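Engineer: So you can see what is in the structure, the chains are spelled out below.
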Amino acid sequence: METEVKDQLVSIEKPELVAPPNWEPVIMGILCNWCSYAGSDLTGTSRIQYPPNIRIIRVPCSSRVDPWFLIKSLQTTADGVLVSGCHPGDCHYISGNYYARRRFLVTKKLLNFVGFHENRVQFSWVSAAEGPKFAKVVNKVTEDIKKLGPLHLYKKENFEKK
Amino acid sequence: MNYTKQIQEIAAKLFAEGKIDVFVGYRMNGFDDNQVPVLISGPQDISKLVFTDKSVFNLVNYLKTDHTRRKRVGLVVKGCDSRSLNLMLTESQVKRENLYVVGICCEGVVDDDGQRMQNCVECMVPDAVVYDELLGETLSGSQTLTGSKPYIVNVDIAALAEKPLTERAAYFEEVFESCIRCNACRHSCPLCYCAKCCIDQETATLYNGANTTSAAFHALMTWSLHLAGRCVDCRNCEKACPSHLPLHLLHKQNESVIFKNFQEHLAGVNPGDRGAFYKYSMQDPDDFIM
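Going line by line, the protein sequences match chains A and B.
Per this note's numbering, residue -7 is the first one in the first sequence, and the count goes up by one each step.
Per this note's numbering, residue 707 is the first one in the second sequence, and the count goes up by one each step.
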């Protein structure tokens, strides 16, 4: 009995809800065009495997990411979000990722404050030459979110049934 | 705190000199001792003006309306209101030369029960920071303007932050469930002046205007994040909310994070300061990013 309970994956925000068997998380990956998107491309062309749970969206710069995007992703299909951009100092638009960094911290803390686990929203800097790092990042995010279980907070009605 | 007489004198003087077209102040609401904002367009209505502890609303909100736009306006501002006025000036929403600002050294306003409002108890900038004329005794001089007082973390935030995640999630789910999506919070906010709001556009496509918990979550979270680094904690939104939602929780949470991590002054304290999200520093925390 004990092992059974242990094996059941519950949503960390709502422990009364159990994940269906063979549940796989959906992760929204929002990547900057100039570094992380090229980095993910390199991961593919270098034939490094990373989990297929991530769904990638390309944006011009990490500062293009309005906190709204994260909220919207979490409301619809996503169980977690990964936002990735250029390393500080490498931004194609010189300072975009510095602005983005501030916004990310505030968004992350606010989402945590209203009840989302802090690992639901994650950020990384991945340059165009860091193919293996991108695979590592996606592996880590997927593992983290698998531990947290499915997200059941504030889902839009049509997305409630999984 | 009673500046009724002084404000009436100032308004009379301004109308006599022809310096203003409209004066925005407070009047008694007519049936109890609470006050409502009033726009006065001539010297005949000056006797309506009052200013006491019950003058709770942020009058800067009325600079968005057609009654005041492109007109010369006299205005009464308290400490928090003046900070939102400062932000509106910085963001080019109003022209300083069109305004005559009566600043108040605020001692705090009271709510319906006669209790001092929570944001006034925790207020760090009670004096008006932008004014043509200052009423009242300034307690600590202009040093308060740069936020030399230590930052006071809101009591509700501190209490909620200690609770476990599941309890916080349950609490906020109830909060967002009570929202009726009337958007009074947005309309009452002096800094929400966009002609077309992104929340409405989203509502049209994603939710068909549905009044669901999910839609309320989306609207309030987006709204508070668009006001992060700009909110001055005047709590006009909370006073306007028909469901009495604790909207300050979202704003104060953002403010405390910004204040702790970015070494910023409070929003609107310095003229020309556009808020924390409009600038950056190389020393911003980076440890949460992989």
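If you're looking for bench data, these hints aren't it; they were derived computationally from the structure.
Values in this document were obtained by computation on a predicted structure and should not be read as measured data.
Careful: at least some of the hints might be erroneous.
Covered stretches of chain A (in silico footprint by chain B; criterion: 3 or more residues with CB under 8 Å from a CB of chain B, positions within the stretch not fixed) [to be verified]:
1) 12 to 26
2) 29 to 38
3) 43 to 54
4) 108 to 116
The calculated lysine-lysine pairs, modelled on DSSO-like cross-linking and capped at a C-alpha distance of 30 Å, are [said to hold, decoys possible]:
5) Lys945(B) <-> Lys139(A)
6) Lys760(B) <-> Lys101(A)
7) Lys801(B) <-> Lys770(B)
8) Lys801(B) <-> Lys147(A)
9) Lys64(A) <-> Lys139(A)
10) Lys869(B) <-> Lys902(B)
11) Lys132(A) <-> Lys6(A)
12) Lys777(B) <-> Lys760(B)
13) Lys101(A) <-> Lys945(B)
14) Lys801(B) <-> Lys869(B)
15) Lys869(B) <-> Lys138(A)
16) Lys64(A) <-> Lys966(B)
17) Lys760(B) <-> Lys148(A)
18) Lys725(B) <-> Lys777(B)
19) Lys6(A) <-> Lys711(B)
20) Lys725(B) <-> Lys132(A)
On the chain B side, residues computed to face chain A include the following (Cβ under 7 Å) [claimed, not checked]:
21) Val756
22) Gly820
23) Met823
24) Ser920
25) Phe923
Cβ coordinates follow ideal geometry from the N, Cα and C atoms, glycine included.
Engineer: With reference to the structure, classify each hint as holding or not holding.
Structural biologist: Going down the list of hints, with the structure as the test:
{"no.": "1", "hint": "12 to 26", "verdict": "violated (count 0)"}
{"no.": "2", "hint": "29 to 38", "verdict": "violated (count 0)"}
{"no.": "3", "hint": "43 to 54", "verdict": "violated (count 0)"}
{"no.": "4", "hint": "108 to 116", "verdict": "holds (count 5)"}
{"no.": "5", "hint": "Lys945(B) <-> Lys139(A)", "verdict": "41 Å, violated"}
{"no.": "6", "hint": "Lys760(B) <-> Lys101(A)", "verdict": "35 Å, violated"}
{"no.": "7", "hint": "Lys801(B) <-> Lys770(B)", "verdict": "12 Å, holds"}
{"no.": "8", "hint": "Lys801(B) <-> Lys147(A)", "verdict": "43 Å, violated"}
{"no.": "9", "hint": "Lys64(A) <-> Lys139(A)", "verdict": "22 Å, holds"}
{"no.": "10", "hint": "Lys869(B) <-> Lys902(B)", "verdict": "37 Å, violated"}
{"no.": "11", "hint": "Lys132(A) <-> Lys6(A)", "verdict": "23 Å, holds"}
{"no.": "12", "hint": "Lys777(B) <-> Lys760(B)", "verdict": "27 Å, holds"}
{"no.": "13", "hint": "Lys101(A) <-> Lys945(B)", "verdict": "26 Å, holds"}
{"no.": "14", "hint": "Lys801(B) <-> Lys869(B)", "verdict": "45 Å, violated"}
{"no.": "15", "hint": "Lys869(B) <-> Lys138(A)", "verdict": "24 Å, holds"}
{"no.": "16", "hint": "Lys64(A) <-> Lys966(B)", "verdict": "27 Å, holds"}
{"no.": "17", "hint": "Lys760(B) <-> Lys148(A)", "verdict": "41 Å, violated"}
{"no.": "18", "hint": "Lys725(B) <-> Lys777(B)", "verdict": "10 Å, holds"}
{"no.": "19", "hint": "Lys6(A) <-> Lys711(B)", "verdict": "57 Å, violated"}
{"no.": "20", "hint": "Lys725(B) <-> Lys132(A)", "verdict": "65 Å, violated"}
{"no.": "21", "hint": "Val756", "verdict": "38 Å, violated"}
{"no.": "22", "hint": "Gly820", "verdict": "31 Å, violated"}
{"no.": "23", "hint": "Met823", "verdict": "22 Å, violated"}
{"no.": "24", "hint": "Ser920", "verdict": "5 Å, holds"}
{"no.": "25", "hint": "Phe923", "verdict": "4 Å, holds"}
The structure is inconsistent with the numbered hints 1, 2, 3, 5, 6, 8, 10, 14, 17, 19, 20, 21, 22, 23, although it conforms to all the rest.
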